[in-house]
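J.: Sequence:
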Amino acid sequence: MSAVLLLAVSCNNDLDEAGFLYTKYSVEERFEMSQNWLEQNPPVNIIITDSTYRIFLFADTHIGTSMEVRQMLNKADTCAVAAIGAGDVCRGHVESYDSLEALVNDYPGLPIFMTTGNHDLYFGNWPEFYSRFGASSYYFSVSTPVASDLFIVLDSGSGTLGGSQLDWLTEILEAKRHLYRYVTITTHLNFFRDGPSVICGLPPEELYSLLDLFMEYEVNMVVSGHEHHRYENVLGPTQFVTVEALHDEESNSSWVELEIGNGIFDYQFKPVQ
Numbered sequence: 003m004s005a006v007l008l009l010a011v012s013c014n015n016d017l018d019e020a021g022f023l024y025t026k027y028s029v030e031e032r033f034e035m036s037q038n039w040l041e042q043n044p045p046v047n048i049i050i051t052d053s054t055y056r057i058f059l060f061a062d063t064h065i066g067t068s069m070e071v072r073q074m075l076n077k078a079d080t081c082a083v084a085a086i087g088a089g090d091v092c093r094g095h096v097e098s099y100d101s102l103e104a105l106v107n108d109y110p111g112l113p114i115f116m117t118t119g120n121h122d123l124y125f126g127n128w129p130e131f132y133s134r135f136g137a138s139s140y141y142f143s144v145s146t147p148v149a150s151d152l153f154i155v156l157d158s159g160s161g162t163l164g165g166s167q168l169d170w171l172t173e174i175l176e177a178k179r180h181l182y183r184y185v186t187i188t189t190h191l192n193f194f195r196d197g198p199s200v201i202c203g204l205p206p207e208e209l210y211s212l213l214d215l216f217m218e219y220e221v222n223m224v225v226s227g228h229e230h231h232r233y234e235n236v237l238g239p240t241q242f243v244t245v246e247a248l249h250d251e252e253s254n255s256s257w258v259e260l261e262i263g264n265g266i267f268d269y270q271f272k273p274v275q
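Remember, the working numbering sits 2 above the position in the sequence shown when you count from 1.
Incorrect hints may have been included.
As the list claims (entries may be wrong) - In silico lysine to aspartate or glutamate, DMTMM-like type, Cα no more than 20 angstroms apart, as pairs:
no. : residue 1 : residue 2
1   : LYS178    : GLU207
2   : LYS77     : ASP108
3   : LYS178    : ASP79
4   : LYS178    : GLU218
5   : LYS77     : ASP268
6   : LYS77     : GLU220
7   : LYS178    : ASP214
8   : LYS77     : ASP250
9   : LYS272    : GLU234
10  : LYS26     : GLU97
11  : LYS272    : GLU259
12  : LYS178    : GLU220
13  : LYS272    : ASP79
14  : LYS77     : ASP52
15  : LYS26     : ASP52
16  : LYS272    : GLU251
17  : LYS77     : GLU261
18  : LYS26     : GLU41
19  : LYS77     : GLU103
As the list claims (entries may be wrong) - If you anchor each label on the Cβ, the simulated ranges turn out as follows:
no. : residue 1 : residue 2 : range
20  : ILE266    : ALA104    : 14 to 24 angstroms
21  : LEU181    : GLU261    : 19 to 29 angstroms
22  : SER145    : GLY111    : 16 to 26 angstroms
23  : GLU97     : GLU261    : 33 to 43 angstroms
24  : ILE266    : GLU30     : 21 to 31 angstroms
25  : GLY165    : PRO239    : 17 to 27 angstroms
26  : ALA104    : ASN235    : 33 to 43 angstroms
27  : GLN37     : ASN76     : 30 to 40 angstroms
28  : GLU97     : LEU237    : 33 to 43 angstroms
29  : SER28     : ASP100    : 20 to 30 angstroms
30  : PRO129    : ASP79     : 22 to 32 angstroms
31  : VAL46     : GLU261    : 14 to 24 angstroms
Because the hints were derived from the structure by calculation, they are not lab data. Predicted, not measured: the structure shown is a model, and the values here were computed from it. Where is the CB? At the ideal position from N, CA and C, for every residue including glycine.
All chains, please: the whole structure from these sequences, using the hints.
T.: Here is the structure:
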């Protein structure tokens, strides 16, 4: 039983040493702390003068080392309005959080948004993420001369959104969807896979509720990571994209470049060179 459990909760074979299962803070506690943080830090609205822009999306960098994610950020810094990390951005150690924070600080002109994956929560180190980067559940927007677009970031690092976060997401979509041209959601756990897998996903009942919600409010894209494999699936109005790991030890590292404009909503996978 224990061997099966280890496979189910880990991201592929990337197991850390003793302590890797210890998360301490539940998703409900993290959501409450995120809401408290947002009371003092209102949602970001990125205002640009161009009608077309790019967002870079990535996942599973597992810092440690950061050569490949730095390659992506170097490019994003020149041509993107923001970058979004879909969890497992580090390994959960204090030292890896130090490395991640130093990396983010190297790009002061580039908004870098992140949420937690399971690895970021190991060793009870949610407070490390929270004290350095703030909320793990939030939204931001990009406003152009033509329209505004909404980006929602969700915390699925414990294998579920939890009831409070799901209610919050529903309220956001009910209140705000009509104000925005496109809606993109980013979270760690992927929604679809093309074959058998030992990697855990969202609880089935929660998954069905989310799929209904995405269809009702015409969510345009959901981007996730977790499996270190590329998946592309369409259900109703929603494009689901699972990003390959942007990890120095992976042979198939890539990120996603999303281009948005008037009548434009296109994405491409960009492999590390």
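J.: In ascending order, which of the hints set out earlier in this document are inconsistent with the structure?
T.: 1, 3, 6, 15, 18, 20 and 24
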